[in-house]
Amino acid sequence: MSASPVTLMVARRVEHGRYADFNRWLNEGRELAADFAGYLGSGVLAPPADDDEYQIIFRFSSSETLAAWEHSASRHAWLARGKGLYEAPHEHRATGLDAWFQTGSSAPPRWKQAVAVWLAFFPISLIFQFVFGGVLADWALLPRVVVSTLMLTPVMVFVFIPLSMRLLAPWLQGKWSPLDLLARWRHAHRL
214 MSASPVTLMV ARRVEHGRYA DFNRWLNEGR ELAADFAGYL GSGVLAPPAD DDEYQIIFRF
274 SSSETLAAWE HSASRHAWLA RGKGLYEAPH EHRATGLDAW FQTGSSAPPR WKQAVAVWLA
334 FFPISLIFQF VFGGVLADWA LLPRVVVSTL MLTPVMVFVF IPLSMRLLAP WLQGKWSPLD
394 LLARWRHAHR L
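For the sequence shown, my numbering begins at 214 and goes up steadily by one.
Among these hints, one or two may not hold up.
Below, a list of computed lysine to aspartate or glutamate pairs in the EDC-like style, where the Cα atoms sit at most 16 Å apart [as the list claims (entries may be wrong)]: (1) Lys296 <-> Glu228; (2) Lys296 <-> Glu241; (3) Lys296 <-> Asp234.
FYI, nobody ran anything at the bench for these hints, they're computed from the structure.
What you are looking at is a predicted structure, and each value in this text was computed from that prediction instead of being measured.
Produce the complete structure using the sequences and hints provided.
What follows is the structure, encoded as structure tokens:
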């Protein structure tokens with residue numbers, strides 16, 4: 214068992230015409246998880262317009278607290294109420310950065326991981342400074358950093374870094390590169 218936070222990522226493909234029911238059911242499950250000890254948060258990545266697979270992320274303080282939630286009677290009852298709303302889910306558990314990147318030989322190089330995280334952090338940090346910078350400008354450094362990190366960390370961990378990983382997946386997995394794109398453009402324009 215682990216003493217570090219654990220992320221459970223679940224992909225659920227919604228049955229056609231059941232989106233509203235699925236979203237109500239999903240919100241019920243997120244509220245249920247929030248009542249359990251060790252719950253750190255959850256997030257949902259809605260699918261693009263041409264897809265129906267939702268990515269649901271639950272984060273717990275340890276493998277033990279995640280297991281307590283997973284094996285609880287209330288979660289089993291909630292899952293039973295969701296029957297017919299989605300196809301069989303795909304689940305993946307990870308700790309640390311593994312929650313965002315594949316592990317083993319299929320993991321992207323560390324420099325690509327760093328670029329992907331930076332591409333998530335930079336625009337959100339910039340927006341935060343634009344919106345709150347004036348308010349926080351007169352604060353001492355320590356409280357200013359505490360407030361900004363308290364506000365930005367959950368948003369980054371549960372929304373923007375997973376979104377960045379999803380959007381950059383072809384590049385991270387080596388299925389696309391800017392040089393390939395340039396070569397195709399040059400070929401198409403006969404340069």
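To see whether the hints hold, each was checked on the structure:
1. Lys296 <-> Glu228: 10 Å, holds
2. Lys296 <-> Glu241: Satisfied, since the Cα-Cα distance of roughly 14 Å is no more than 16 Å.
3. Lys296 <-> Asp234: Judged against 16 Å, a Cα distance of about 11 Å means the pair holds.
Violated hints are absent here; each numbered hint is respected by the structure.
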